[in-house]
Amino acid sequence: MTEPTGQARPEPIKAVPVRHPGRWVGIVVVAILTAMFLHMLLTNDAFQWQFMFDNMFSEPVLKGAWTTLWVTVVAMILGVVIGVIIAVMRLSPNPVISSAAFAYTWFFRAVPRVVLLVLFGNLGILYAEVGFGLPFGEQLLGLFGLEGSGQIFGVDANKILSGLVAGLLGLSLSEGAYMGEIVRAGIQSIDPGQAEAAQALGMGRGLTMQRIVLPQAMRVIVPPTGNETIAMLKDTALLAFVPVTNELFFQLQAIGSRTFQVFPMLVAACLWYLSMTSVLMVGQYFLEKRFARGVQGRAKEKLLKATVPTGAGIE
Amino acid sequence: MLRLDAVSKRYADGTVAVHDLTLDVARGEVCVLVGPSGCGKTTTMRMVNRLIEPTSGRIVLDGRDVTHVDPVALRRGIGYVIQQVGLFPHQTIEANVATVPALLGWDRARARARVRELLELVGLDPEVYARRYPHELSGGQRQRVGVARALAADPPVLLMDEPFGAVDPIARDRLQAEFLRLQAAVRKTVVFVTHDIEEAVRLGDRIAVLRQGGYLEQYAPPRVLLGAPATAFVADFVGSDRGLKRLAVTPIRVADLEQPPVVPASATAGEAGAALDAAGADWAMVVDAAGAPVGWLTRPGLVPQPAPDPVPVTASLKTAFSRLLQADTGWVAVVDGASYLGVLTPATVHEALRRSVAAETPPGSAP
Ligand SMILES: Nc1ncnc2c1ncn2[C@@H]1O[C@H](COP(=O)(O)OP(=O)(O)O)[C@@H](O)[C@H]1O
Ligand SMILES: [Mg+2]
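So the protein sequences, as listed, match chains A and B. The opening position of the first sequence corresponds to residue 2 in this note's numbering, with each subsequent residue numbered one higher. The opening position of the second sequence corresponds to residue 67 in this note's numbering, with each subsequent residue numbered one higher.
These are calculated hints, taken from the structure and not from any lab test. A hint or two may mislead.
Covered stretches of chain B (chain A as the covering partner; in silico rule of three or more C-beta atoms under 8 Å from a C-beta of chain A) [unchecked claim]:
{"no.": "1", "region": "130-141"}
{"no.": "2", "region": "256-263"}
Have a look at the derived ranges for each label pair, beta carbon to beta carbon [what the hints assert, rightly or not]:
{"no.": "3", "chain 1": "B", "residue 1": "D239", "chain 2": "A", "residue 2": "Y286", "range": "45 to 53 Å"}
{"no.": "4", "chain 1": "A", "residue 1": "L208", "chain 2": "B", "residue 2": "R198", "range": "47 to 55 Å"}
{"no.": "5", "chain 1": "B", "residue 1": "R198", "chain 2": "A", "residue 2": "Y286", "range": "19 to 27 Å"}
{"no.": "6", "chain 1": "A", "residue 1": "L208", "chain 2": "B", "residue 2": "A251", "range": "28 to 36 Å"}
{"no.": "7", "chain 1": "B", "residue 1": "D239", "chain 2": "A", "residue 2": "P96", "range": "23 to 31 Å"}
{"no.": "8", "chain 1": "A", "residue 1": "S190", "chain 2": "B", "residue 2": "A78", "range": "51 to 59 Å"}
{"no.": "9", "chain 1": "B", "residue 1": "D234", "chain 2": "A", "residue 2": "P96", "range": "39 to 47 Å"}
{"no.": "10", "chain 1": "A", "residue 1": "L208", "chain 2": "B", "residue 2": "G305", "range": "53 to 61 Å"}
{"no.": "11", "chain 1": "B", "residue 1": "M67", "chain 2": "A", "residue 2": "I86", "range": "18 to 26 Å"}
{"no.": "12", "chain 1": "A", "residue 1": "Y286", "chain 2": "B", "residue 2": "R182", "range": "50 to 58 Å"}
Don't be surprised by glycine CBs; every beta carbon is placed ideally from N, CA and C.
Make the full structure from the sequences, and use the hints.
Right, dumping it as structure tokens:
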């Protein structure tokens, strides 16, 4: 705005749209790069598209994809359950319980998942047999001058701790540590007045957590849990290190090394993971919408804005 | 009904929140705990439903020591309206109100019927509000829901912690009026916490004034508290305008009213003049055949003129005094229903106030 000068009326404003020369340069550069990339995809023989499509839906690969999916689901369910337990323990007024939860979280967050999975794959060395019975049964019976192990029944550790179970266990325990932190943040985001009101109305601690605190904490817990699920789906590829053989990445790689066509099978892996995570992202969007219930309009908008881009991994 | 017997509370950090407090609340009585922030009001209240355990002393509810009762069961039998409302934002109004009935295992139909009844009782249309979420209500409406929730299982005792603290003054005034109406209907034993002495005076049957550190300064009905504060702290807390506040809790007494000569509406000017002469008065009240005040007259015209609106005898001195200040005449008529009882003048207001102060001052202590 300019001040009118002298007595003359200001001239009508001639509106000229603001020009964005930088924007046009950017568009041209991106367009050229995209064209080059597409050209390479179509003309470089190393991609072997036909070979890739012929093999990426072969039966072992489909079985591997199925394993990947159910391992993701089961590991996440176990992870969430462990996470809730760890979070509640972390917030316990009892210092022994909360330190135990802290130690758990510390260990499983500090060790890389690959190392953890290889470690679990080799647990069979530690225990030849897994048994159920008295804790320290052998030593206790020894004290009373008796012989025996105090064991009710036992099985060969290598049978229970098959590659898949070991892998699943490793992923779940590790996920439990991360989920524990997420759930704890969720619980702590709820006004303590809520728990107090619930208690004043005659709800016990468990009921208060289950009916009042956790449902409200869901709004804070769900978005990062979606991210964790997507990360978990990708991390199932690490099962190949346990090793688990009927898993998607292992199967694709196996075809690659058998046929000496490594690269096309790696591209196939990318496409498989891309499509599976995309489905999860859509699911995440609707879940978040559902858990935003009971939030004021503005807060809801803010929440969706804040979580959808990160949640969906756009940008 | 409820008795606190030498109750003390010292927190783990050494703060003494309540000090040797003895207090009893009769059945159906509203006991207001009032005092500056941090004087232990909330702590006292929470010891009653065992959200906080007293360090020493006994709390007896309906003849039973509350420390011998399972706290969860105890709380289901005591309504609690929490500071800042504390509705559950992820549940509908209906679910919020039905919290305790659900915990007590009522069947759905019974709980629903109770919710409707309660929402109507607190002045919210169940058709409109039952299915809403708390954020879709105004502050005052949420407060009503909080009260409805506390009343849900019809507990004999109600604890209310600054329930009207978070709403604007107009809504608060309405909520207070509604609380009085509701209390007249349900007759609960209420412990009500506030830091607002006006609210305490308006709502309380008896008021306990607490001082920092949880010391009880005085426990008395509002009129006594305002008329005869027991300590300098109470006098200071109720304010230098306690005389004015007192008006609100002092009733009109017929014996205090002035009695100017009364002239029937049918009388002639001559008869009216004779009546004035006989009484040695400057003016006379004019009443109709039914005994209702219709106006007043004075010399030289001796013609009836309209009188200011009369005040019902059930009103407080505060209402009467405010009407008096608006009247040009310097007096207002007091009526019982429609029939005339006498007139209230500034002098009689003053006299009534002084006399009720004297009546409530224990012998030997200065007002
Ligand atoms: N959990 C607690 N631990 C330590 N001190 C507390 C705790 N709760 C309240 N207090 C202290 O006790 C005193 C009384 O608190 P409160 O009963 O909440 O006062 P009011 O409700 O009258 O404002 C205050 O000094 C407060 O700081
Ligand atoms: Mg308080």
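We went through each hint and held it up to the structure:
1. 130-141: holds (count 4)
2. 256-263: Violated, because only 0 residues of the region 256-263 of chain B bring their Cβ atoms closer than 8 Å to Cβ atoms of chain A.
3. D239/B with Y286/A: 45 to 53 Å: For D239/B and Y286/A the Cβ distance comes to about 47 Å; the hint holds.
4. L208/A with R198/B: 47 to 55 Å: violated (24 Å)
5. R198/B with Y286/A: 19 to 27 Å: holds (26 Å)
6. L208/A with A251/B: 28 to 36 Å: Roughly 32 Å apart at Cβ, these two residues keep to the hinted range, so it holds.
7. D239/B with P96/A: 23 to 31 Å: violated (50 Å)
8. S190/A with A78/B: 51 to 59 Å: For S190/A and A78/B the Cβ distance comes to about 26 Å; the hint is violated.
9. D234/B with P96/A: 39 to 47 Å: holds (45 Å)
10. L208/A with G305/B: 53 to 61 Å: violated (45 Å)
11. M67/B with I86/A: 18 to 26 Å: Distance hint for M67/B, I86/A is violated at roughly 44 Å.
12. Y286/A with R182/B: 50 to 58 Å: Once the Cβ atoms are compared, 37 Å apart, the range 50 to 58 Å for R182/B and Y286/A is violated.
When the structure is compared with the earlier hints, violations turn up for hints 2, 4, 7, 8, 10, 11 and 12 and for no others.
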